[in-house]
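Undergrad: Sequence lines, in order, name chains A, B and C. All residue numbers in the first sequence are consecutive under our numbering, ending with 246. All residue numbers in the second sequence are consecutive under our numbering, ending with 1323. All residue numbers in the third sequence are consecutive under our numbering, ending with 2249.
Careful, some of the hints might be misleading.
A few chain A residues that don't get close to chain B, going by computed Cβ distances all over 10 Å [to be verified]:
#1 6
#2 7
#3 43
#4 60
#5 61
#6 83
#7 92
#8 100
#9 119
#10 127
#11 147
#12 180
#13 232
Within a straight-line C-alpha distance of at most 30 Å, the following computed DSBU-like cross-link-like pairs (lysine-lysine) qualify [claimed, not checked]:
#14 B:1243 - B:1313
#15 B:1279 - B:1291
#16 C:2048 - B:1037
#17 A:45 - B:1160
#18 C:2048 - B:1260
#19 B:1228 - B:1243
#20 A:45 - B:1301
#21 B:1099 - B:1301
#22 B:1056 - B:1260
#23 B:1256 - B:1029
#24 B:1243 - B:1260
#25 B:1271 - B:1199
#26 B:1213 - B:1155
#27 A:45 - B:1162
#28 B:1235 - B:1323
#29 C:2048 - B:1256
#30 B:1260 - B:1199
#31 A:45 - B:1155
#32 B:1037 - B:1243
#33 B:1270 - B:1052
#34 B:1160 - B:1135
#35 B:1313 - B:1213
#36 A:45 - B:1099
#37 B:1256 - B:1271
#38 B:1199 - B:1270
#39 B:1291 - A:45
#40 B:1236 - B:1029
The hints are simulated quantities; they were obtained by calculation from the structure and are not laboratory data. Positions of the beta carbon are idealized from the N, C-alpha and C atoms, including for glycine.
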Amino acid sequence: MRTSTLLSFAGIFVAVSAWHATVAPGWVSGYIVPPPLEVWLEGVKLVRDGSILPAFLLTLSQTMAAIAIAGAFGIVCGWILYRHRILGLAYETWLGALFSAPLILFYPILMVVFGRNPSAIVAMGALASLVPVILQTRAGLLGVRPVLLSVARSFNASEAQVARKLLIPAALPTLFTGLRPGLIYAMINVVAMAYLANFGGLGFLVGELYDRFDIPGMYAAALFTIVMSAMVFWGAERLEVWIQKT
Amino acid sequence: MKPIKLILSSLLAGAVLAASLGAANAAEKIRVANSQKGIWATTFILYAEESKGFFKEAGIDLDILWTNGGADTQQAIISGSLDLGLNTGTLGVIGPIAKGALLTIIAAAMTGSSDIFWYVPANSAIKTFKNTDGKSIGYSRPGSSSYSLALDLAKAAGVKPKYVSTGGPAATLTQALSGQVDVSWAADLFGANELIDGKICRIAVGNDVPGVKDQTVRVHVANTNFLKQHTALVKKFLATYQKALDWAYTDPQAIKLYAKMNNVSPALAKKVRDDNYPKMAMALRPIGDFKTSVDQAVALKRLDAPLTPEQMKETLRYVDELK
Amino acid sequence: MSQSARINLIRAITLVGLWLAWEGLARSGLLYRGVVPSNFSVLAAAWKLLTDPAFYPHVLRTSQEVGVGFVIGAFFGLALPLLIGRIRLVGGVVDNYVQVLAPTPKIVFLPVLLVLFGVDAGSKIAMGAASAFFPVAVETFAALRQVNPVLVNVARSFNATLWQSITKLDLPSMAQPVLSGMRLGLGVAIVGVLLAEIKLSNRGLGFLTINFYNAFHIPDMYAVLLIVFVFAAVANALISWLSRALSKG
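Here chain A stands alone, though its shape is the one from the complex (with noise of 0.2 Å):
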């Protein structure tokens, strides 16, 4: 094993021991903060009594068919302004500053608009990554070296085939590394909203969890959701490492 893995293991060990020791002695309530093998006994309950997992692949599935909705337009309208370089340098700084806009901030309208259910919240995860995926969408077709454009087109080769036979495959790569922030966008969006909204997967069970004064598991929930999801961004991108190999 590396030295900086197992030096990464001794670090959450060492994390976990300096949180015990700051519960065991009582300087901080037991309530306000359990101790760790409290927390890890709720979460094994959680898991046993089917709370943890059904949540998270809730919220996985929402996220994926979020992503989904926003790669389809977001790849389609990166490549427009690819193509019709005008309007790419038009829109270019506007869409630069939608990137960082809080759009979850308009989580109730969707409520409304879709009603108190899933599909609310597959909204808020599409229209939050969708910008970031138009983005790198033509950043991504963009970066294909113009040589290989001029021979192919030298060829007098069609726009259609420069498309299938040279751009896609050239931009491929840069398209899944485009709709990795859209990945990222989308879930924390999804959670986000199923936590306010107080319906939905893994955001809603820490809510629910923190409403029924059950403070260990709430621990264990958030806990296991930044973990489940560092390990959902950590996939994509031994995906997407795998396709650019190929």
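Given the coordinates of chain A, assemble chains B and C onto it according to the supplied hints.
TA: Below, chains B and C alone, put in the same frame as chain A:
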């Protein structure tokens, strides 16, 4: 250096002196969590304070945070970020108290539940709770009286609906009319105008639940540390609260302010107030039918086992001690 | 027509088109009453807010929470990499943690922060700090790695203290990326604080937003959000300007 040191130290001394003088005359601050601003039971103390300043007179600086109820209020008190929690669901506090959270019941807030009702939009197919199988029923927040009553009403009707936390009555009305929830809750004067206009219809009232009339569904709580360190202050608070309550039922000014806040005529306000909140229902003690609340907590898995009579007595100890 | 003129024309047409489309949707009655309000009603509501003295305590409250939260988060985001980033092995490991944790949905820590810091300004500041920390830390770690290793060795060979190393070597060469991280950090700090206020508070712009929504005063809700967006854009532009000014000097 020397002149600066002199100036700084005299400034410091002056500040300490001023602070101590100020402290001697300052009112004692109590940070209070209250919920559902606008309904009579929770807001009458605001009307009293505006009109008569009872708390100010008693040397109490009241700082009220209006929450959506239930767990929001309860968590605020448990974490110590607020001192007293008013009008919070009995069902919600039993669990944390039994688990050792720093929460203590200090008085009854509402016994019986004539004020909470459930309604549907006028064009709904639902006519009574019996029609709500599989439908969504709104309540404020987990741990509130609207939650426990909704559960009781469904049980009494023999149905299994879905429960949705819709927040306060205003937010709930929004969700009701935009079709986000099938059956919605409200209390007191909320929705009075919509009821009159025929936009919504009532289908149930809290007191429809058998036995609820004698059960204290809402209580006042305090953060345990705050209570132990400031017992006299809490006692003074409750005495002033009683004074405000007495005033609110005798002075027509209270009805005027209540009607104004809810956008209805004083006549309607008085009628609804008298129907929903008989003064006896708001007595500070005793805690009515605590055993039923405990049993409900067990049924809802908020308690692992019922409390023994000694434990129940211990839980309610301060209610009499603060008289 | 010159390119910049065409760009401006495109933008102008788009703006007008969006305005009209919105207005059309608002008046069509397609969506539930008023959830897409007329542009005019939003602007009128915004004007009403800006001219209402009771609005500004909320602005002040949110600004304070964002300000303090951002400063705390950015400080630690800067300090952590600077202090341990170069320590063999440990620096790399912590950098890894920060990178792995950065894209996770930190909203799930809000209930934890509510329990830890209470329901008042403390939890909002904590949320702002937790949000701002990550972009700043990620950028600082990355920038640290970019500092010319030759310069690092030179500093070492002169036995530079940690403080000297930080002030004379790291900070000057890292100004750009760090400022970029701070710009992102400020943005997420604003969102974090607003979301905390939306969940549980009785003051601030997030509180106003959810309060208006609960009472279904939708134009007022949009007005608050409009003001927030403008405010965030201005803050963003200020940092951009600062970053450009620093790169010139």
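Undergrad: Hint by hint, note whether the structure agrees.
TA: Now the hints, each set against the structure:
1. 6: Residue 6 (chain A) is indeed farther than 10 Å from all Cβ atoms of chain B, at 38 Å.
2. 7: Since the minimum Cβ distance to chain B is about 36 Å, residue 7 (chain A) lies beyond 10 Å and the statement holds.
3. 43: holds, 18 Å
4. 60: Residue 60 (chain A) clear of chain B: closest Cβ-Cβ about 23 Å, beyond 10 Å.
5. 61: Its Cβ never comes within 10 Å of chain B, the nearest being 20 Å, so this holds.
6. 83: The claim stands: residue 83 (chain A) keeps its Cβ more than 10 Å from every Cβ of chain B (closest is about 41 Å).
7. 92: holds, 37 Å
8. 100: Residue 100 (chain A) clear of chain B: closest Cβ-Cβ about 29 Å, beyond 10 Å.
9. 119: holds, 12 Å
10. 127: At roughly 19 Å from the nearest Cβ of chain B, residue 127 (chain A) sits farther out than 10 Å, so the non-interface label holds.
11. 147: holds, 56 Å
12. 180: holds, 33 Å
13. 232: About 28 Å separates residue 232 (chain A) from the closest Cβ of chain B, which puts it past 10 Å; holds.
14. B:1243 - B:1313: holds, 27 Å
15. B:1279 - B:1291: holds, 23 Å
16. C:2048 - B:1037: This hinted pair holds, its Cα atoms lying about 24 Å apart.
17. A:45 - B:1160: Within the cut-off at roughly 26 Å; holds.
18. C:2048 - B:1260: At roughly 22 Å apart (the allowed maximum being 30 Å), residue 1260 (chain B) and residue 2048 (chain C) satisfy the hint.
19. B:1228 - B:1243: holds, 23 Å
20. A:45 - B:1301: Holds. Residue 45 (chain A) to residue 1301 (chain B) sits at ~14 Å (cutoff 30 Å).
21. B:1099 - B:1301: Holds, at roughly 13 Å.
22. B:1056 - B:1260: holds, 23 Å
23. B:1256 - B:1029: The hint holds at about 28 Å.
24. B:1243 - B:1260: Holds: residue 1243 (chain B) and residue 1260 (chain B) sit about 22 Å apart, inside 30 Å.
25. B:1271 - B:1199: Holds, because 21 Å separates the two Cα atoms, which is no more than 30 Å.
26. B:1213 - B:1155: holds, 17 Å
27. A:45 - B:1162: It holds: about 24 Å lies between the C-alpha atoms, which stays within 30 Å.
28. B:1235 - B:1323: Roughly 7 Å between the alpha carbons, so the hint for residue 1235 (chain B) and residue 1323 (chain B) holds.
29. C:2048 - B:1256: It holds: about 28 Å lies between the C-alpha atoms, which stays within 30 Å.
30. B:1260 - B:1199: holds, 22 Å
31. A:45 - B:1155: holds, 28 Å
32. B:1037 - B:1243: holds, 20 Å
33. B:1270 - B:1052: Status holds; Cα separation ~20 Å.
34. B:1160 - B:1135: With a Cα-Cα distance of about 8 Å, the restraint between residue 1160 (chain B) and residue 1135 (chain B) holds, given a limit of 30 Å.
35. B:1313 - B:1213: Given pair residue 1313 (chain B), residue 1213 (chain B) holds - Cα atoms ~21 Å apart, limit 30 Å.
36. A:45 - B:1099: Holds: residue 45 (chain A) and residue 1099 (chain B) sit about 17 Å apart, inside 30 Å.
37. B:1256 - B:1271: holds, 12 Å
38. B:1199 - B:1270: holds, 22 Å
39. B:1291 - A:45: holds, 29 Å
40. B:1236 - B:1029: holds, 12 Å
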